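Protein chains in written order, with this note's numbering: chain V, 68 to 407; chain C, 68 to 407; chain Z, 68 to 407; chain P, 68 to 407.
Honestly, the hints are just simulated from the structure, not real lab data.
Quick caveat: nothing in here was measured; it's all calculated off a predicted structure.
Careful: at least some of the hints might be erroneous.
As the list makes no split between identical chains, a pair holds if one copy fits it or if it spans any two.
Straight line, CA to CA, 25 Å or less: simulated PhoX-like cross-link-like pairs of lysine-lysine [what the hints assert, rightly or not]:
id, residue 1, residue 2
1, K233, K70
2, K254, K325
3, K292, K316
4, K253, K319
5, K253, K288
6, K319, K292
7, K293, K319
Protein chains: 4
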Amino acid sequence: MIKASVVGATGYTGIELVKILSRHPRVKISSLTTRSEEPVSLDKLVSSLPKGHGLKLETFSLVNVASNSDVIFLALPHTQAMDLAHDFYKAGKIVIDLSADFRIRQAKLYEVWYGHKHTKKELLGDAVYGLSEAFRDEIRKAKLIANPGCYATSLLLVLKPVLEEKLVELDSIVADSKSGVSGAGKKLSETTHFCSVNENFSAYKVNQHQHTPEVEAILAKFAAKKVNITFVPHLLPIDRGILSTIYMKKKKGVKAKKIYQAFKSAYEKEPFVRIRPEGQFPAVKDVAYTNFCDIGIWASDRSDRVIVISAIDNLLKGASGQAVQNMNIRCGFPEDMGLL
Amino acid sequence: MIKASVVGATGYTGIELVKILSRHPRVKISSLTTRSEEPVSLDKLVSSLPKGHGLKLETFSLVNVASNSDVIFLALPHTQAMDLAHDFYKAGKIVIDLSADFRIRQAKLYEVWYGHKHTKKELLGDAVYGLSEAFRDEIRKAKLIANPGCYATSLLLVLKPVLEEKLVELDSIVADSKSGVSGAGKKLSETTHFCSVNENFSAYKVNQHQHTPEVEAILAKFAAKKVNITFVPHLLPIDRGILSTIYMKKKKGVKAKKIYQAFKSAYEKEPFVRIRPEGQFPAVKDVAYTNFCDIGIWASDRSDRVIVISAIDNLLKGASGQAVQNMNIRCGFPEDMGLL
Amino acid sequence: MIKASVVGATGYTGIELVKILSRHPRVKISSLTTRSEEPVSLDKLVSSLPKGHGLKLETFSLVNVASNSDVIFLALPHTQAMDLAHDFYKAGKIVIDLSADFRIRQAKLYEVWYGHKHTKKELLGDAVYGLSEAFRDEIRKAKLIANPGCYATSLLLVLKPVLEEKLVELDSIVADSKSGVSGAGKKLSETTHFCSVNENFSAYKVNQHQHTPEVEAILAKFAAKKVNITFVPHLLPIDRGILSTIYMKKKKGVKAKKIYQAFKSAYEKEPFVRIRPEGQFPAVKDVAYTNFCDIGIWASDRSDRVIVISAIDNLLKGASGQAVQNMNIRCGFPEDMGLL
Amino acid sequence: MIKASVVGATGYTGIELVKILSRHPRVKISSLTTRSEEPVSLDKLVSSLPKGHGLKLETFSLVNVASNSDVIFLALPHTQAMDLAHDFYKAGKIVIDLSADFRIRQAKLYEVWYGHKHTKKELLGDAVYGLSEAFRDEIRKAKLIANPGCYATSLLLVLKPVLEEKLVELDSIVADSKSGVSGAGKKLSETTHFCSVNENFSAYKVNQHQHTPEVEAILAKFAAKKVNITFVPHLLPIDRGILSTIYMKKKKGVKAKKIYQAFKSAYEKEPFVRIRPEGQFPAVKDVAYTNFCDIGIWASDRSDRVIVISAIDNLLKGASGQAVQNMNIRCGFPEDMGLL
């Protein structure tokens, strides 16, 4: 039994963490904190909790959280997690940060994309990028886990096998992603007003979304070479889920069969990645409310194109689910514990 | 005043035709036909009609329709329009066919993609492809107008300027399209059950949608060369609208400015194509329930990519609206009459 | 040709007014004003306007609007219309106020329900309640028209015939209404965040909605007696439309046939009220984007209950459509001009 | 560990049963059957199952299911469950029937409302109505449990306390219910086509829904008197959830406080019924994907009206969740096992 806390328990990813952790057989929730001054009711936020659950939201206190937690999840907006992560790290806690603050190794790059000075550069080298399927060994020993972005997860799981096995042209990658609205968080904005989203669909941050640098940095690891991608996210009129359609060109001479096999062998033993049979493609609803990433592949010897489609729940495999998966890896629990 | 009839007035495109034509100042609706045996109430189908409109659905009769119509819209499923189109054509009527039956010049290609023998090949040469902005001169004199597919319209209006001006690499074109459910028509299927579509999103007919050949045939005209595209349609949980995100590579040496200018000069005077200012992109709701096609462009001198996004209402500019636009062109009416 | 202005053209009802008036054959739009400091693009707000429409949003100026308008529509939040209405009224203009400020004759009642002092009580007596079907004669001569609330319209059109003909028990009226989100306006709030509304449904302001007093006041006119109703509004996860299900008890001895006849004879000649055949009931989509109010009735000689269901578009018959209907009545235009 | 089977595992309620039972710590799933001839993939139907789950859909065989099950859930359409229920009952199995076939004691009444002869009348007396909170003692010993209808559950949990304590006028009950589309089942029909439901809302089976007799029969037990209700169901454009708004008149002299207390004391110890604090009302999303029934009450000493609003997930507390709750009661497991 470990003691886990969620700092920022009232946002969408915080709420999902509470749901998962409250059912996890090896976790005792010690603190759920909020910085909001107004008293919020946890029952309203997480209405699936059983009667008499005994959990409470508390005002954040560094000392409190540090003293009663083994693992601390930071579910805070970007730029607000770095200082806290640092403090908990120094206090010897396992920190799982769901923000972007430690995802990009180069502070400069972070500062360009997030428009904010990085105040804890010294920790960037110690942070492990928490894409469970790719960095399991590092996660096992990590003290600070930088949980991947939701779009990044949906792209990287697709691109890992084909880049590692050098099957596609690196300058050919186009990623067209579509996300549900919860990905934009709870903050009020004209963009997330019901009448703006409902019966609508549009692209945003065309070729300039802030997940691009974290994706390209990890892709460079997979390919052992610099990689640039073209990435356009779109907003779907649904609550949850990301579907990414990824277009590439095969390297000359690469057979379609090789592509299919690369995915199969990469993910056969993974509990949370499922490869569809040839000719089948995932839908958002196949993975909504689960920690799965489903992947479908189109390849043919009569075409140099490869099209791969992935689907995840942006709040689970794209955020809180993967965060708990990483906790399980880190703490030596079965990797799917509490996640099925 | 011309007399116009709609054959197949009870499907989605038929209903839109009734709505538009019933308000068109130069049109008298003469026949609205259905092949359904069950009596359907026109008021239920087209609930926006005023009280006492006097219109009626009638069982289809070739003689009747031919004798009392100047223009005949065929709003029938693919493969069911060709014989009727032929008969009305022979009777000297102006035929505007919303099905795919006369969109593809090569009967063989049609037969491969639609799985049905083409019984009126002799008419294929006379049919004019009804992309209003591209073939206005031919439409003016056409006796048989093959109204374009909805996806095709959303792609061709984007690709026309860049291909005609030879600005992009022809083997680089990727079209990722997303359509509302009305595009699938009224036929009942598991795919269009509310619970299948709602809160969901998925690709279908990955790289094998039947609009591909009609698009590639017209692109070959624009480029004066054979063109292959990669095209993946997706199903949006909304009623109406198509958004297409189209990815290309610029030819070497082409400046971003040139791209923007190509669109501006191509469409400046078009009543139904609107080019967005740099950095702005259309949303489905901007064009839903209108005959507009809105286009936004991303191009930069620091990248060889071009990304163009178009939005149309699949039932209007993608079907019935463009059909009436073509009627206006053909009959010498103001092109936007009844469509604003 | 009259000159009409919209004060508050950027809210949902303002936008609908612009759409209708820009197509109205007898209206020239003279001013569209906003109090917002930030420059807004009219094309973005009202994306259905044709290219080159020439309309502009301008900063509000009393003198400007007064000097160049015959009719002025006030599409402002409650409490913000009263002073302007007064000024335009004094300037001899026809004022059609879509806010609640002049709907309730008794200033005290207004102040209780809207929590705001009424500063122009002297005008309350001159204001005509703009339920077109009920007060057409007064509207014809009105200088200040208080356009009804959307819920109020959906209830009053149902209750008018049965109360005027004394067919139901006055203490038995229960109105269960369901409205789309546009009814809540554009203001950002947690309640209208996409993820709050989507896949959700709930009641609000249970038995204490601010349309209650205006409904009860008009009902008292219909019944020539004080009437209290029970009214619970609910929020539907859709853009537009109100469906109200109204439960009553018949007075002893009243036959079902009498109920049906009361509706038929009340609305037979009305251009915008349609009574469904026995056993049929309206749906929101039957009236969305139209100015119609559709009504279905359940009554039986074996039961003392009567159930009547009405459907309207909250932004049209429930607001801007009825406002233009009132303008048409007031200006002697055909009542449905610009509304079909 | 008990062995449980689901007959009809491919419908919406069957799928939910598979989800719950596959995670239930005291249940081993023995058979999941379908009558469909076409091979269906269980992974597609229940995409949340973990990789390598080992479950399979099989063609229904009475002998098979009977021989390897302790508890059998019948998730079949109405009229198709009665014969099977009989056979399994005779074989000494615990039968939990989710259809309407054994909900109504009087065969005649069943036959009127369901239009189908009841072939196993002899079992009607032994069937226990599975409203867990009302008939827990009988369920504990039941061999055949008739699981309540979804609407019925949402109404009966509200009406139980007020009728048992004789707080309201029996002829005053009006129930206005709104349900998500999954309540209509998977069968294809024009009514459940996406474009029919989306952005729409309407009533159906006005005052003649088939759950009415089962509700009135149980109400008669609660009130020890015949009770008639007025009940109008409506279709919401969402996947899951029922919200019922129930209107009553208090008996003379009954204080509001008494109403609130009745609910509190009736449900304080119930694990799955939650009473909201005064002035708060439940939303569908508060209970979606849970087995809870949330209830909010409006009562005042200045009004003779009482308004009570309940929310449930139609597939869980309204069907499969309550079915497992009943299994837990029947088998002596903790009542909330597998349901939180």
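Each hint tested on the structure:
Taking CA atoms no more than 25 Å apart as the test, K233 paired with K70 passes in neither setting, with 43 Å inside one copy and 50 Å between copies. Taking the closest pair of Cα atoms, K254 and K325 never come within 25 Å of each other, the shortest separation being 45 Å inside a single copy and 39 Å across copies. For the homomeric pair K292 and K316, the shortest alpha-carbon distances inside one copy (17 Å) and between copies (21 Å) are both at most 25 Å. Taking CA atoms no more than 25 Å apart as the test, K253 paired with K319 passes in neither setting, with 46 Å inside one copy and 44 Å between copies.
For the homomeric pair K253 and K288, neither the shortest alpha-carbon distance inside one copy (33 Å) nor that between copies (46 Å) is at most 25 Å. Proximity of K319 and K292 under a CA criterion of 25 Å is satisfied in both settings, with 18 Å inside one chain copy and 24 Å between copies. In this homomeric assembly, K293 and K319 come within 25 Å of each other (Cα to Cα) both inside a single copy, at 20 Å, and across copies, at 21 Å.
In terms of the numbered hints stated before, the structure departs from hints 1, 2, 4 and 5, listed from lowest to highest.
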